[in-house]
Amino acid sequence: MKKHLLGIILILLLLVLGVNLVSANGGPHGGYTATTDACAGCHRTHTAAGPRLLVSNSTHNLCMSCHGSTGTGANTNVDDGIYLASRDDQAGDRNHGGENTDSGGSLLGGGFSHYRGEVTTSAHDMTDDDNSIIAWGNGVDRGERAEITDVEFSCASCHDPHGAGNYRILKERVNGEPISVDLVDESAKDYDTEHWGSGTSDLCAACHAAYHETAGNVGSDSSGQVSGGGFTHRVDMPYHYGENENPETIGFTDAFGVNVRVPLAESGTSDRVVCMTCHLPHGSSATMFGIADGAGVPGETSATDSALLRLDNRAVCEACHQK
Amino acid sequence: MEEKDTSVDRSMRLPSERWRRGLSILLLVAAMGTLVVISLLFYRYVTRPAPLPELLIPEAGRNYKPHYLFSIYGVDHPVGVTLSPDGERLYVSETGGERLIKMFDRDGNTLGFFSPSHTKPGERAPVYLATDKLGRLYVADRTQQVIFVYDRDGSYLDTLLGPNSTISEHVRQLAGDVPSNDSISYNHQTGEVFLGSQAVTGGQISAPALHEWAPLGVRFTSNGDMLVTDVSTEHHCVHQINMPVQWSPNSGDFNPSHRKLAGSGAGLGELKFPNVAMADSQGRIYISDGNNGRISVWESQGSFLYNFGMGSDDGFLRLPRGLYIDHLDNLYVVDVVGHEVKVYDVSQPNPVFKFTFGSLGLGDGEFNYPNDIVVDITGRLYIADRENNRIQVWSY
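The listed protein sequences correspond, in order, to chains A and B.
Residue 138 in our numbering sits at position 138 of the first sequence, and the numbers go up by one each step.
Residue 1100 in our numbering sits at position 100 of the second sequence, and the numbers go up by one each step.
Note that these hints are calculated values from the structure, not bench results.
Glycine included, every Cβ here is placed at the ideal spot set by N, Cα and C.
Among the chain B residues that face chain A by a calculated CB cut under 8 Å, a handful are: (1) G1122; (2) E1123; (3) T1143; (4) Q1189; (5) A1214; (6) L1216; (7) G1290; (8) R1321; (9) V1336; (10) V1337; (11) L1360.
Label pairs and their in silico Cβ distance ranges: (12) A:D37 <-> B:D1086: 37 to 45 Å; (13) B:S1312 <-> A:E152: 28 to 36 Å; (14) B:N1255 <-> A:Y241: 57 to 65 Å; (15) B:L1134 <-> A:A255: 54 to 62 Å; (16) A:E152 <-> B:L1268: 35 to 43 Å; (17) A:T193 <-> B:Q1204: 30 to 38 Å; (18) A:Y241 <-> B:P1256: 55 to 63 Å; (19) B:M1310 <-> A:E152: 26 to 34 Å; (20) A:D37 <-> B:S1251: 46 to 54 Å; (21) A:N246 <-> B:T1190: 23 to 31 Å.
In isolation and in its complexed conformation, chain A is listed as follows (with noise of 0.2 Å):
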């Protein structure tokens, strides 16, 4: 009885503040009235095949049905990592905003299945369903991996399927901890147009916290040990590599005139190196060969283990380093 009162007086709260949950790409996510019809699509009050009562006792089926590669149901395929369709609601009467996103471009945390029409390499994998999930880094070292128990890992995990307070609807809370992510895109809605704001790693370190090492001399020099021991290279710094261009806006070009680029966080103002400059979270057809393909070694990557590295072997590397 008291969980149902908290539950009543938090929504009435949120009523009185005026907090508007803002549902993404106009769909079930959020907005919801009073009267809602919308709790059906993937709720049973009485006949649930899964736990939260959803119809399913898959979340990532579930998310599937209308986020997969058909279509079917949004225009935002993460399946393949695609926006399906162009965004070309210039009067602002659907809640898109005035920016377009390219049609067929290539959606901001990568493909699960697919990115950029190749294979994808390394993914979150979000089919288990399992109760139980292994992170790197999860309360251990880096380099090692650890069980988050009484997490379902799924979709769900990092985006509230009822809405949020930013149109990713990424949720505030990831792993039991606090999420502030700053969406600097909250106006324009793009999807596919590399916006990264503050807070970005945050999301990343709730499960993976021993690789968020965010101090100055971290990796620098030899003060910069971290606990435990070891160096690792910072997270959330400005890119200020000497006399290097800057990755994001002109990169480095190659002796074969291959150009990469990689995007930073707070661009333009801060300028910084986030996860997200490197990785891709849902998932990337980056192909490792050569010496980056570390093939069976433990903690190491392979030509089918890209780690969710954004390019190909090491040109994360190049684009900031450029040696």
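On the provided structure of chain A, position chain B as indicated by the hints.
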């Protein structure tokens, strides 16, 4: 004692006896033959109960639930199904693996597979499909944003870039000397145009302008009109395209008249992610209005009539996707998150809910995110059971 001469009688009876004996043998052979045929039919029914329903005449009205027959495996996340006009070939679109179109016979034997040339799996997403009266296959591709046209064996013919334009028309207008039998194709994701196996984009031949449509569902009416659901952003609608009877794919001539039904939204006469549109025997058009959770009904002249499927009664729909109307005006609607098929009688002015079949699960007759359905003249139903990676075959 006078010996009775029976030679004449015997000789007179002989043909009759021979006839009787012959008849007996014939009857015996016929009886044995019948027994063998019945035994074979029984054996076939026991080992594979697919063909038998064809021997039965479907009951008028089909006022009872169909029953599960068998499943066709070897398909990866199927979402679309359709049949050839004679009902002998089943076409299935896959959204998993290589994302192919697969062909099967009525018993589920594989006949072949194909996909649009010059595209990689990640660049294509075949969804709903349909055949016209001539047996040509039309496949709506969500990623390519076109409708591919194939012959009945899966040989590529042409690509519909929009409601009244084809890639062959585009290329032949730019380069009129293209041989008539050259295959002309286009990859929307890469912007490349191909003549046969050669990429020819650039110079004389440019990529076609992007059409403001995103075809998703495709069906044909009895008079040959093509109904295409369009989910291009902010323009969710249905195109009713008056396909020319004499249209020859790859001819460079495609200018059918067409009209749009509906617009985007949740109000009356508006649609949100319409999946499939199909007409009943009176020409009324039924549209699965996916994200509005209802069926939108339009009269044959293009005026909105009403919606149904909302509410909480037995006919309530959650997320309607694929639909099909059989020749008895039974409307079958696949509810993807209800994991079931709902059947309505639409022969009257207003639809009447008849029954539901199927439920969530992995077993025979159970569905796991079904997406599309097609019904043949004998009362056999084929249902794309997406997450169970199979096509379920049911029958009355």
